[in-house]
Structure formats: C-alpha cells, structure tokens
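In order, the protein sequences belong to chains A and B. Under this note's numbering, think of the first position of the first sequence as 1, with each following residue one higher. Under this note's numbering, think of the first position of the second sequence as 1, with each following residue one higher.
Derived by calculation from the structure, the hints in this document are not laboratory data. There could be a bad hint or two in this list.
To be verified - Cut-off 30 Å, straight-line C-alpha distance, at most; resulting in silico cross-link-like pairs (DSSO-like, lysine-lysine):
#	chain 1	residue 1	chain 2	residue 2
1	B	K215	A	K101
2	B	K46	A	K101
3	B	K204	A	K101
Unchecked claim - Okay, the calculated bits of chain B under chain A, using three or more residues with CB under 8 Å as the criterion:
#	stretch
4	47-58
5	131-140
Beta carbons: idealized from backbone N, C-alpha and C, even for Gly.
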Amino acid sequence: MPAVLKWVLVLVVLVGVGWLLWWSGWFKSASYSASTQGNAAGAVAATTTQAASAAPAPLNGMSVASDSSDPAIGQDTAAVDAQMQALDADGSQVTASLNDKPVAQSY
Amino acid sequence: MTTYKTGTRIAFGLVGMLLVPTLAFAAATTTPAGASKAAAKMTAAKARADQEIDRRVATLNEVTDRVGVMQEVQADFKQNLAGAVSGQVAAFAALKAKIDAETDPTLLKSEVQSINESYRVYALLVPQARIATAADRVVTLTRMMTILGSKLQARIAAAQTAGTDISALSKTLGDLSQKLSDANAQAQSAVSVSVSLVPDEGDKVKMAANAAALKTAHTAVGVAQKDLKDSRKDIATILKGLNVSLSAASSTPTITPGSATASTTTAH
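With the sequences and hints as input, model every part of the structure.
Right, here's the structure in full:
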C-alpha cells in the first residue's frame, strides 16, 4: 500500500473519531465544564463581594449592629436623637409647603 | 374791534414768543412722562415676578438637596421626583429670563400671569417632595430604632439570665416594636397618597382631590412622627430599666438638612 494512501486513511480515521466524539457530546461536556469553572470563579468572586457589602455598615452615625455595649447604645441613641430633630424640621417643612402663599402678581 | 398801541402789540408779541417754546416744551414732555410711568410699571411688575420666581427656585433647590440624600426610597421614585423638581427649576429660570428681557407690555402681562398659573404645579410638587422626604426619614428612623431595639433585646435577655425580672421591660420592648411598625406603615401610606396627585389644570374636582390627598398624607406623617416619639420614650424607659450609661450620647451629631448625613425614608 502506498505511503500516501496510508496517511489518507489515518486522516480519515482521525476525522471520523473526532466527529463521533463531537456527536456524542464529549466536546460539549468539556467546553461546558470549562465555562462552568469560569462561572464558578465568578460566582465565588460575586459571593465574596456580596458578603463584604452585606456586612452591616453603621447607619447614620450608629455603632456596629453587633455591639450592644453601653457606649455603643449611647452612640446609637445619640444618632437616633439627631435624626429625630431632623424629622421635626422635615415635618415643619411639610406643613409650611401646604400653607404656602404666592407673592401676588399684577400688571 | 379792539386796538392796541404799538408798544402793547410788541409786548404781546414778546410774550407770545416766549410762550410758544414753553408750550412746545410742555407738549414735548407729556410723552416721555407717560413712557416713564409705563416703564416704571413694567419694572415693578418684573421685580414682583422675580421675587416670586426666586422664592420658588430657592425652595425647589432646597428640595433637590433633600431628595438627593433620601436613603430608603426606590431609585426610580427618587429619580422621577428629582427630575420633576429640576424641570420646574429650569422652567422658572427660563420664565424669569424672558420676563426680565421683555419690552412689550402686553407680552409682559401674559408672562406675569403665567407665574400664577404655574403655581398650581409648584403647590403640588413641593408638598409631594416634602412628604416623601419626611417619610423617608421616618423609615430610616424605624430602621435605626429597630437595630437599637435588637441590642436592647439582647441586654434584656442578659438581664433575665442574671436573674432580673424583665416582664416590664419586655412589655415596653413589645410596644416599641408595634410603634415602629405603625410608623413605617404611616410613612408608606403618606408616600402612596402623595404620588396619586395629578395636575389639576383648573379642574376643581381634581383640585379638591389633591387637597384631600395632601391632607391625608400630612396627617400620616404626623402620626408617624408621634409613633417615633413614643418609640423614643420606650427606648428611654428600657435604658433606665437596664441602667445603661449613655455617656456617648453627649456627642450628639448634628444634621444639616440636605447633607449626606441627614437622611432617610420610604420604600414603596
């Protein structure tokens, strides 16, 4: 058998094997696996980010949510009182806006 | 026929010569005086118009600052509210520029009248925004007090473990929870009512509906404020019962309206 014909047969066999593998889904599984790993890495990163942002940040001058010591409660109370004062101002502005009168215009 | 001596005729002639320019001058000054009066009237009208426009823009700018630091509302609600306010500011700026540059009395009259007409929109937008910002702060306060309440609950549990009778403190804590829940509900209600406002365009039925809605929302904000004040009293009662030292409270932070540290309100 000529050497050229042997190489052609080898090539045909390789192509056939490759087609069978693709047809059976092996390549898909491999590529899915790779992409899944990529997504998993992304998911881990996202989870880490969420975990970091989910850490309860002190709200408007309050102390850390997990701290129930006297100083922390004192700090929280002060922060609440400041917001209460601001709410009084907000309430007054609501009332003022409802009682607003325009400057009379004439010509 | 009356006859005059030559000297007399000359005298009349001289007087006549003197009077003609005088009368002519008087006639000439009648129009400038009228024009000056009209100009003064226009200037006064423009001053009144500018005063009212400046007043409204100043209020709207305050509202813009306050809306910008709202913490609890949904982003689209906040964006829509800020957009409506900035739209009004732009409209007033354009109107003011037009009025200030106006030279036609008829057009000026129309432009001045448009200030009165635009008041209906302004008179709805500002209360709506004020109610939203107040409600936003109510919700922020309920969050803050809820966090504080959790800490107090932990302290009460610790006191119970140590053998303290906590029945009264637990009851007060329960009242605190109810008050905070109601304050939150009132804030939600206030905002929900205020967003139902529609420009009346002179329609008296719509005007009445808007007025009723604003009154309802105003009442809800007031109830929420009272709930929060009662909640603060509950907190004080619990702190006293637990003998908590509030030394840190001496450094009470101050809040400037519109600043980033001033805050909070409502989810819808």
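Outcome of the hint check:
no. : hint               : result
1   : K215(B) to K101(A) : holds, 17 Å
2   : K46(B) to K101(A)  : holds, 19 Å
3   : K204(B) to K101(A) : holds, 18 Å
4   : 47-58              : holds (count 5)
5   : 131-140            : holds (count 6)
Of the numbered hints given earlier, the model fails none.
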